[in-house]
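Asks: In order, the protein sequences belong to chains A and B.
Here the numbering used here is used: the first residue of the first sequence is 1, the next is one more, and so on.
Here the numbering used here is used: the first residue of the second sequence is 1, the next is one more, and so on.
Honestly, I wouldn't trust all of these hints.
[What the hints assert, rightly or not] Computed beta-carbon distance windows for the label pairs:
| # | chain 1 | residue 1 | chain 2 | residue 2 | range |
| --- | --- | --- | --- | --- | --- |
| 1 | A | Asp-177 | B | Glu-122 | 48 to 54 Å |
| 2 | B | His-149 | A | Asn-260 | 24 to 30 Å |
| 3 | A | Leu-362 | B | Arg-13 | 30 to 36 Å |
| 4 | B | Thr-295 | A | Arg-291 | 50 to 56 Å |
| 5 | A | Phe-264 | B | Pro-331 | 18 to 24 Å |
[Claimed, not checked] Computed from the model, here is a short list of chain A residues facing chain B with C-beta under 10 Å:
| # | residue |
| --- | --- |
| 6 | Leu-15 |
| 7 | Gly-17 |
| 8 | Val-18 |
| 9 | Thr-19 |
| 10 | Arg-21 |
| 11 | Thr-27 |
| 12 | Thr-72 |
| 13 | Gly-222 |
| 14 | Gln-223 |
| 15 | Val-266 |
| 16 | Leu-272 |
| 17 | Ala-284 |
| 18 | Ile-285 |
| 19 | Ala-308 |
| 20 | Leu-332 |
| 21 | Gly-335 |
[As the list claims (entries may be wrong)] Each computed DSS-like pair below joins lysine-lysine, with the alpha-carbon atoms no more than 27 Å apart:
| # | chain 1 | residue 1 | chain 2 | residue 2 |
| --- | --- | --- | --- | --- |
| 22 | B | Lys-97 | A | Lys-240 |
| 23 | B | Lys-162 | A | Lys-79 |
| 24 | A | Lys-79 | B | Lys-203 |
| 25 | A | Lys-240 | A | Lys-79 |
| 26 | B | Lys-39 | A | Lys-232 |
| 27 | B | Lys-162 | A | Lys-232 |
| 28 | A | Lys-114 | B | Lys-39 |
| 29 | A | Lys-79 | B | Lys-39 |
Just so you know, the hints here were simulated from the structure itself, not pulled from any lab data.
Idealized CB from N, CA, C, for every residue including glycine.
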Amino acid sequence: MRLTKQYGVLLRMSLMGVTARLGLVLTIVIGVTCAVGVLVSMLAMGVGARREALGNVRPDRVVVYSSDAQNTQQSSLAKDVAAQIPYLPGIRRNASGKPIVVFLVGAFVQARYKSGREGGFLVLGVTPGLTDYRPELHMTAGRLFTPGLHELIASNKCATQFENFRAGDRKHVRGSDWAVVGNFDNGTAVGLCTVYADAETVLSTFARNTYNEADVMLESAGQFAAFVDAVKANPALHLKAEHEADIVAENMQQLNGILNFVSFFVGTIIALAATIGAANSLYAIVDSRRRELATLRALGFGAVPIIAAILSESIVLALPGAVIGALVSWALFNGLSASPLNSSFHLAVTPALALLGVGWALAIGAIGGFLPALRAARVPVTAALRAT
Amino acid sequence: MKYLPLIWSGIWRKPGRTALILLQVALGFALFGVLQGMKSGVERSIANTRADVLYVGPGVFGGTPLPISYADRLKSIAGVKTVLAADGIPTSYQNPKQFVFVLGIVPTDDYLTLLPDIFQVEPKALHALRDTRNGALITQDIGKKYGWHVGDRIPLTSSVLKTDGSGTWDFQIVGMMTDHETGEGGFIVTNYTYLDESRASNKGTVRNFYVVASDPMHAGEVSSAIDRAFTNSPNETQTQSFRELRQQQLQSIGDLNFAIRSIVSAVLVALLFSTAAMMMQSIRERSPELAVLKTLGFSDRSVYAMVVAEGIMVCVVAALVGLALATGVFPYASKFVPGLSMPSDVIGLGVVGAVFIALISAALPASKAARLPVVEALAGR
Numbered sequence: 001m002r003l004t005k006q007y008g009v010l011l012r013m014s015l016m017g018v019t020a021r022l023g024l025v026l027t028i029v030i031g032v033t034c035a036v037g038v039l040v041s042m043l044a045m046g047v048g049a050r051r052e053a054l055g056n057v058r059p060d061r062v063v064v065y066s067s068d069a070q071n072t073q074q075s076s077l078a079k080d081v082a083a084q085i086p087y088l089p090g091i092r093r094n095a096s097g098k099p100i101v102v103f104l105v106g107a108f109v110q111a112r113y114k115s116g117r118e119g120g121f122l123v124l125g126v127t128p129g130l131t132d133y134r135p136e137l138h139m140t141a142g143r144l145f146t147p148g149l150h151e152l153i154a155s156n157k158c159a160t161q162f163e164n165f166r167a168g169d170r171k172h173v174r175g176s177d178w179a180v181v182g183n184f185d186n187g188t189a190v191g192l193c194t195v196y197a198d199a200e201t202v203l204s205t206f207a208r209n210t211y212n213e214a215d216v217m218l219e220s221a222g223q224f225a226a227f228v229d230a231v232k233a234n235p236a237l238h239l240k241a242e243h244e245a246d247i248v249a250e251n252m253q254q255l256n257g258i259l260n261f262v263s264f265f266v267g268t269i270i271a272l273a274a275t276i277g278a279a280n281s282l283y284a285i286v287d288s289r290r291r292e293l294a295t296l297r298a299l300g301f302g303a304v305p306i307i308a309a310i311l312s313e314s315i316v317l318a319l320p321g322a323v324i325g326a327l328v329s330w331a332l333f334n335g336l337s338a339s340p341l342n343s344s345f346h347l348a349v350t351p352a353l354a355l356l357g358v359g360w361a362l363a364i365g366a367i368g369g370f371l372p373a374l375r376a377a378r379v380p381v382t383a384a385l386r387a388t
Numbered sequence: 001m002k003y004l005p006l007i008w009s010g011i012w013r014k015p016g017r018t019a020l021i022l023l024q025v026a027l028g029f030a031l032f033g034v035l036q037g038m039k040s041g042v043e044r045s046i047a048n049t050r051a052d053v054l055y056v057g058p059g060v061f062g063g064t065p066l067p068i069s070y071a072d073r074l075k076s077i078a079g080v081k082t083v084l085a086a087d088g089i090p091t092s093y094q095n096p097k098q099f100v101f102v103l104g105i106v107p108t109d110d111y112l113t114l115l116p117d118i119f120q121v122e123p124k125a126l127h128a129l130r131d132t133r134n135g136a137l138i139t140q141d142i143g144k145k146y147g148w149h150v151g152d153r154i155p156l157t158s159s160v161l162k163t164d165g166s167g168t169w170d171f172q173i174v175g176m177m178t179d180h181e182t183g184e185g186g187f188i189v190t191n192y193t194y195l196d197e198s199r200a201s202n203k204g205t206v207r208n209f210y211v212v213a214s215d216p217m218h219a220g221e222v223s224s225a226i227d228r229a230f231t232n233s234p235n236e237t238q239t240q241s242f243r244e245l246r247q248q249q250l251q252s253i254g255d256l257n258f259a260i261r262s263i264v265s266a267v268l269v270a271l272l273f274s275t276a277a278m279m280m281q282s283i284r285e286r287s288p289e290l291a292v293l294k295t296l297g298f299s300d301r302s303v304y305a306m307v308v309a310e311g312i313m314v315c316v317v318a319a320l321v322g323l324a325l326a327t328g329v330f331p332y333a334s335k336f337v338p339g340l341s342m343p344s345d346v347i348g349l350g351v352v353g354a355v356f357i358a359l360i361s362a363a364l365p366a367s368k369a370a371r372l373p374v375v376e377a378l379a380g381r
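Taking the hints into account, I'd like the entire structure generated from these sequences.
Replies: Structural data, given as structure tokens:
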């Protein structure tokens with residue numbers, strides 16, 4: 001009881017002195033602001049990218065591709081193999097009773113971004129049934145492509161990244177003229193530019209004869225194990241089935257790995273610098289209060305309340321930095337579109353990230369305040385009282 | 001110079017605090033060095049990549065490959081010095097995650113001198129490759145990764161099937177090479193003829209040609225002349241110089257420029273505040289000592305200069321330590337971005353930045369020290 005009372009008095013004294021030591025206090029606040037701001041902003045890239053990529057993922061959607069392929073782009077699905085997939089068990093049927101299976105072939109088309117830099121987009125050739133498999137896809141302009149014709153539909157993202165992607169525009173792909181007949185929105189995910197066209201037309205245009213993958217919708221997410229078993233039961237197919245989420249996560253893995261590594265690498269270095277800065281400032285604060293602290297010790301204040309009070313002061317000073325840092329990061333970067341590593345997405349400063357920033361700041365305050373707090377408790381009473 | 005001991009003792013008056021501020025500034029500049037160095041390193045790496053080596057590939061990625069007969073037509077285009085054909089198949093070793101790219105070349109002596117940008121090879125290894133139909137050259141890295149040695153026979157699995165319907169390809173390792181371009185996963189080099197004769201489809205085609213322009217200054221014109229020559233043919237081409245390709249490859253890091261700029265400025269602002277506050281505190285604590293100096297006849301100006309010199313010394317030393325740390329990190333960074341090293345101008349920029357920070361943050365404390373009222377300071381007020 002006595003200890004908590006002492007602690008309360010000490011903490012009040014510490015905080016009342018804040019205005020008198022504004023320079024040192026500001027050093028702590030600004031240091032923490034920068035550390036938290038940078039960490040939160042950097043992580044916002046990874047969070048934004050993940051959020052957009054996983055926005056549409058459903059547990060009842062499965063991707064089937066060659067068992068020896070490293071990823072779906074490398075996979076090739078011959079038509080005789082593909083023909084057997086709709087007969088696998090557990091596949092949902094659409095309103096007219098047909099199994100919801102869409103075969104997909106991707107072809108990369110080089111194009112120049114509006115920014116002037118070279119790049120390209122993927123034309124995804126799909127067999128009929130796209131809207132059954134992707135109910136989240138809704139047309140914002142025009143109509144769906146007609147099978148057999150050189151027609152394509154493009155996500156709204158395409159029009160912001162490249163020229164000539166509005167419904168009604170014409171696009172030159174592989175020596176033939178394609179009509180952009182519609183624009184669509186993929187629900188929450190904005191992600192990359194996505195272009196759909198008729199599978200057979202894409203196959204013949206790009207002189208290919210195999211699909212890349214089959215997208216299958218199951219009756220329910222619970223059917224997954226049975227479906228995988230059925231795929232494995234026929235080794236002649238050379239196929240494997242994975243959750244849509246795993247495929248997306250795998251595609252994201254490299255990007256996420258790099259972004260997170262860079263974020264935490266940079267974030268840790270800045271936090272370390274901020275911690276050292278905080279420790280330094282607190283040392284200076286403790287030094288300037290030597291006589292005061294010695295007097296308190298002489299009056300009978302214990303070492304533990306003093307340590308606790310200095311530590312609390314350090315943490316309390318770090319907290320505004322966390323709040324300001326997270327706010328600045330939110331104000332400057334939330335929703336900002338970034339396109340590092342050939343993928344474009346919007347940065348997302350989420351409450352979870354802000355909380356992480358606050359945790360980061362608490363750690364900076366606690367670690368930075370530890371040694372100065374010990375020093376404060378060890379002030380030699382007689383020497384400090386005699387000192388000028 | 002005679003002030004040096006005074007400045008020195010001023011710096012080390014509170015050794016613990018000075019050590020902390022040194023560490024803090026050093027960390028700040030280490031981060032500056034890594035980020036800024038990455039940015040400038042990328043720009044320099046692009047500038048150093050050869051513009052006269054052209055990559056001629058199919059006009060559409062994923063489209064049909066080019067016929068090898070194009071080689072002769074390419075040679076006839078004005079400004080073309082050398083034409084080399086290359087093809088490749090994606091394979092994996094033991095499991096699908098262990099990806100190995102197999103590059104098939106026609107092992108002419110051109111590879112000895114012409115294209116260190118793809119890989120470097122000793123004449124002995126190149127001749128060994130020429131003599132062994134299914135021979136392969138490997139890099140040290142990939143050899144270490146999978147435990148391969150010269151003389152080993154390695155089976156690789158590919159989705160590209162052979163004429164006998166199997167996807168298992170055998171290679172005989174005959175020598176070593178040093179790769180320059182690709183850092184990811186690694187690749188091995190084999191004979192184009194082995195690839196082409198063994199595979200079931202796409203016979204007589206190549207993935208790309210390497211074309212060297214005789215005059216680097218006119219490589220751009222050669223590049224468009226090549227694409228023009230094949231327009232409206234069944235196999236249109238897309239020709240880009242190695243420098244353009246490098247630029248695209250590193251573009252992603254360029255896209256992070258805005259982040260790098262924000263981080264570097266945040267760090268510098270934080271450092272500025274820290275050093276200024278610490279110097280202010282130091283001057284406050286030392287006012288009686290400074291008053292003694294003034295009493296002894298030191299002018300206001302020399303007191304000012306001493307305080308500034310203290311700041312510059314601390315900042316520059318700390319910055320050099322930090323930049324040295326950053327330089328030490330670069331060999332690791334070059335694993336992600338091949339050919340990256342710490343540009344010396346970044347070190348110069350860092351030192352200038354350190355002096356700048358010292359000058360700004362010392363300005364207030366120094367003028368306070370210079371204007372110190374002697375009598376009051378001596379009285380401890």
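Asks: Work down the list of hints and note, for each, if the structure agrees.
Replies: Evaluation of the provided hints:
1. A:Asp-177 / B:Glu-122: 48 to 54 Å: 52 Å, holds
2. B:His-149 / A:Asn-260: 24 to 30 Å: Violated: the Cβ-Cβ distance is about 37 Å, outside 24 to 30 Å.
3. A:Leu-362 / B:Arg-13: 30 to 36 Å: 32 Å, holds
4. B:Thr-295 / A:Arg-291: 50 to 56 Å: 25 Å, violated
5. A:Phe-264 / B:Pro-331: 18 to 24 Å: Holds, since Phe-264 of chain A and Pro-331 of chain B (Cβ atoms, about 20 Å apart) stay within the stated range.
6. Leu-15: With Cβ-Cβ at 18 Å, over 10 Å, it is violated.
7. Gly-17: 14 Å, violated
8. Val-18: 14 Å, violated
9. Thr-19: Violated, because the Cβ-Cβ distance from Thr-19 of chain A to chain B comes to roughly 15 Å (cut-off 10 Å).
10. Arg-21: At about 9 Å, which falls below the 10 Å cut-off, the nearest Cβ of chain B leaves the hint on Arg-21 of chain A intact, so it holds.
11. Thr-27: Since chain B brings a Cβ to about 4 Å from Thr-27 of chain A, closer than 10 Å, the hint holds.
12. Thr-72: 12 Å, violated
13. Gly-222: Cβ of Gly-222 of chain A sits 28 Å from chain B, so the hint is violated.
14. Gln-223: 26 Å, violated
15. Val-266: 6 Å, holds
16. Leu-272: Holds. Min distance 6 Å.
17. Ala-284: 4 Å, holds
18. Ile-285: 9 Å, holds
19. Ala-308: Because about 22 Å separates Ala-308 of chain A from the closest Cβ in chain B, which is outside the 10 Å limit, the hint is violated.
20. Leu-332: Where the cut-off is 10 Å and the nearest Cβ of chain B is about 8 Å from Leu-332 of chain A, the hint holds.
21. Gly-335: 15 Å, violated
22. B:Lys-97 / A:Lys-240: The hint holds at about 15 Å.
23. B:Lys-162 / A:Lys-79: Judged against 27 Å, a Cα distance of about 20 Å means the pair holds.
24. A:Lys-79 / B:Lys-203: 22 Å, holds
25. A:Lys-240 / A:Lys-79: The given pair, whose Cα atoms are some 16 Å apart, holds under the 27 Å limit.
26. B:Lys-39 / A:Lys-232: 48 Å, violated
27. B:Lys-162 / A:Lys-232: 25 Å, holds
28. A:Lys-114 / B:Lys-39: 23 Å, holds
29. A:Lys-79 / B:Lys-39: 48 Å, violated
The structure shown violates the earlier hints numbered 2, 4, 6, 7, 8, 9, 12, 13, 14, 19, 21, 26, 29.
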